[in-house]
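> For chain U, the structure is supplied; the task is to place chain X with the ligands on it using the hints.
Chains U and X, in that order, give the protein sequences. Under the working numbering, the residues of the first sequence are numbered 1 to 307, in order. Under the working numbering, the residues of the second sequence are numbered 1 to 347, in order.
Rather than coming from a laboratory, the hints here were simulated on the basis of the structure. Quick reminder that beta carbons are idealized off the backbone N, C-alpha and C, glycines included. Check each hint, because a few of them may be wrong.
[To be verified] Far from chain U, by Cβ distances over 10 Å, these chain X residues were calculated: (1) D116; (2) P300; (3) L323.
[To be verified] So, partial list: chain X residues that the calculated Cβ filter (under 8 Å) puts toward chain U: (4) I74; (5) M112; (6) R136; (7) H138; (8) E155.
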Amino acid sequence: MGRYLIRRLLQFIPVFFGATLLIFIMVWAIPGDPIAALAGDRVLPEQVVQQIRDRYNLDDPLIVQYGKYMGGVFQGDFGEDFRGRPVTDLLGQRLPITVRLALLAFGFEVVLGIIAGILAGVRKGGFVDNLVLISTLVVIAIPIFVLGFLAQLLLGVRFGWFPVSGVQHGLYSYLLPAMVLGSVSLAYIARLTRTSLIENLRADYVRTATAKGLSRRRVVGIHTFRNSMIPVVTFLAIDLGSLMGGAIITETIFNIPGLGRAVFEGVQRQEGTVVVGIVTFLVLVYMMANLLVDVLYAVLDPRIRYE
Amino acid sequence: MATTLSRDAVAGRPVDPAAPLLVVEDLHVEFRIEAGTVRAVNGLSYTLRRGETVAILGESGSGKSVSAQAVMGIIDSPPGFVTGGSVRFRGVELLDLSEADRRRVRGDRIAMIFQDALTALNPVFPVGWQIAEMFRMHRGVPRKEAREKAIELMERVKIPSARTRAGSYPHEFSGGMRQRVMIAMALSLDPEILIADEPTTALDVTVQAQIMALLAELQQQTGMGLILITHDLGVVAEVADQVVVMYAGREVEKGPSLPVYHRPAHPYTLGLMDSLPRRDVHTERLRPIKGSPPDLLAIPPGCPFRPRCPYARDICAAEEPPLAAVTSEHVSACHFWEEVSRERAGA
Ligand SMILES: Nc1ncnc2c1ncn2[C@@H]1O[C@H](COP(=O)(O)OP(=O)(O)OP(=O)(O)O)[C@@H](O)[C@H]1O
Ligand code: SF4
Ligand SMILES: [Mg+2]
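If we strip away everything but chain U, and leave its shape as in the complex, we get:
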């Protein structure tokens, strides 16, 4: 296990540099002049422009910019935005909001997704099964921003069940955005759980459990469930990344001042440091979460040995 962890941590290095370099190139490739965007209608004096260009190393070749930036990151300096505020401050302010949103979404999709998948799987072809299959298909087919606006319009504006935007109402404000954020993954988790359960119910060990005289509840809930969760957990690891990506859209729709919206605004303002800083941080979080899930995976399936 120890050796495995070391190997995984070593693998982090190329992944980390690859991902951050890609982001750096993409931000750099955004058309337009960031300083002009910053200035808006005003015309900045040549001197000021040059000052800003120097401060953000904008005249260096891309790879040198990247090198200087990474050098800072390893000293805990994720750069500054164009107003001189450290990106780390921004992170500290926005991260808790996004974490709250993502955890809610994650809890929502995991709990409901697994329950829906089990109810569908135990009675394959039954009413609940069809209901789950059709509703999940609808959710998967509709793009998340359409779903987000629809939910906002119907549940927020029309029926007034949920706050329409912002985070003024505490945790309650996060509910609807979290449901939107988790909806697509919920659909996938439900379907994956269903398929996996149906497949496992046919397995020999299920017949053995039945032959042992165990109740159907125990056969499904204990014996089959644990085995059925193995592919679902694999999905959850990948899903952590899409939750972060989805947060950009969801936070923008619902006007939630989290990391996602910060990235969105950063892209709009062409503030390379903000975008790269936040994404670099997210890459780190994602890799750690992935490693954690992999370790959990071994707990779930004893046949997996990490060496």
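Here is chain X with the ligands on its own, set in the frame of chain U:
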């Protein structure tokens, strides 16, 4: 392995002291699938007595496992249904019991082990846990005590260093040891009947013999009845008291194992003798029976074995042969059983 529970009742119903351990009578099982109705078992009957072994023999797909699953009450339903017959355990009709009552019999009074212990054991739970579950669920024994009992059982089936191995997972055992775990689990509540569905087919020859010896020893100790589903004719001759030969869901020959073995009265049994590997006789080469069993969705009229039978004549296509008495205990479903039984008469 004495239990404190009364064994004079089955799910609350008093047993008939005069009745044999298990009487299966005219059992019919079918699977209703989209393509039609698969008649997997068509009129199977046998009697199992205390301490005895009934072997069920037949090619793949002949309905051996399905008939055992019907006795256990673990047929996939739907699509599978027991459509007729009777399964009486010590005189109590099992087919009349509610699912909850049947569950009390399963594992406790009648236990079953399967061909491939690797897939039959749950891969994600330690073997000791899986054995202990029997005590916990059927007897309400506390976790710790159940674990001790599981270790005792593992010792009883001769798994070395049982105490440490109890925490291991099925994939960490060899095939033979895994089957021992299955046996320990099946025997945990001291069942009166053990159904072994090809318990050694997945194992090496030497290990096969060890497992059969273990089963025989345990049967001797406990006096349980054994229903042994097997391909191995040598095993049948050695350990079985009775043998039932199945073909296309029917019993085609049945009787005490030695007469059936030494003087088969059905062409199919004769064919099996030449086609299946035997541990006792070193055959030069195996001659598989030509052709394949009929489609169970549409079994043609007459004798189901006719298309493959070297003895077949016109009458075989028209009339399904009834069970004819070869001796008072030995029966054969063949119009020409006398001719067939002369085949090995000299042997
Ligand atoms: N769940 C099921 N659904 C449909 N048909 C089934 C099902 N289970 C068994 N059958 C059918 O019942 C017939 C008898 O099967 P069974 O498993 O009893 O054969 P077997 O004699 O045990 O063969 P083997 O030696 O291969 O184990 C087969 O034709 C099979 O297709
Ligand atoms: S009845 Fe006819 S076809 Fe059937 S086994 Fe006997 S001889 Fe062969
Ligand atoms: Mg079988």
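> Next step is simple, just say for each hint if it's right about the structure.
Do the hints match the structure? See the list:
1. Not every C-beta of chain U lies more than 10 Å from that of D116 of chain X, the closest at about 7 Å, which undercuts listing it as non-interface.
2. Residue placement check: P300 of chain X keeps its beta carbon more than 10 Å from all beta carbons of chain U (closest about 31 Å).
3. Distance to chain U confirms L323 of chain X as a non-interface residue, since its nearest Cβ pair spans about 30 Å, more than 10 Å.
4. The criterion of a C-beta within 8 Å of any C-beta in chain U is met by I74 of chain X, whose closest approach is roughly 5 Å, and the hint holds.
5. Hint status for M112 of chain X relative to chain U: holds, with the closest Cβ pair at about 5 Å, below 8 Å.
6. Given hint, R136 of chain X at the interface with chain U, is violated; its Cβ is 10 Å from that chain's nearest Cβ, farther than 8 Å.
7. Evaluation of the H138 of chain X hint against chain U yields a held restraint, the C-beta minimum of about 6 Å falling below 8 Å.
8. This hint is violated: E155 of chain X has a C-beta 21 Å from the nearest C-beta of chain U, more than the 8 Å allowed.
Going through the hint list in order, the structure does not satisfy hints 1, 6, 8.
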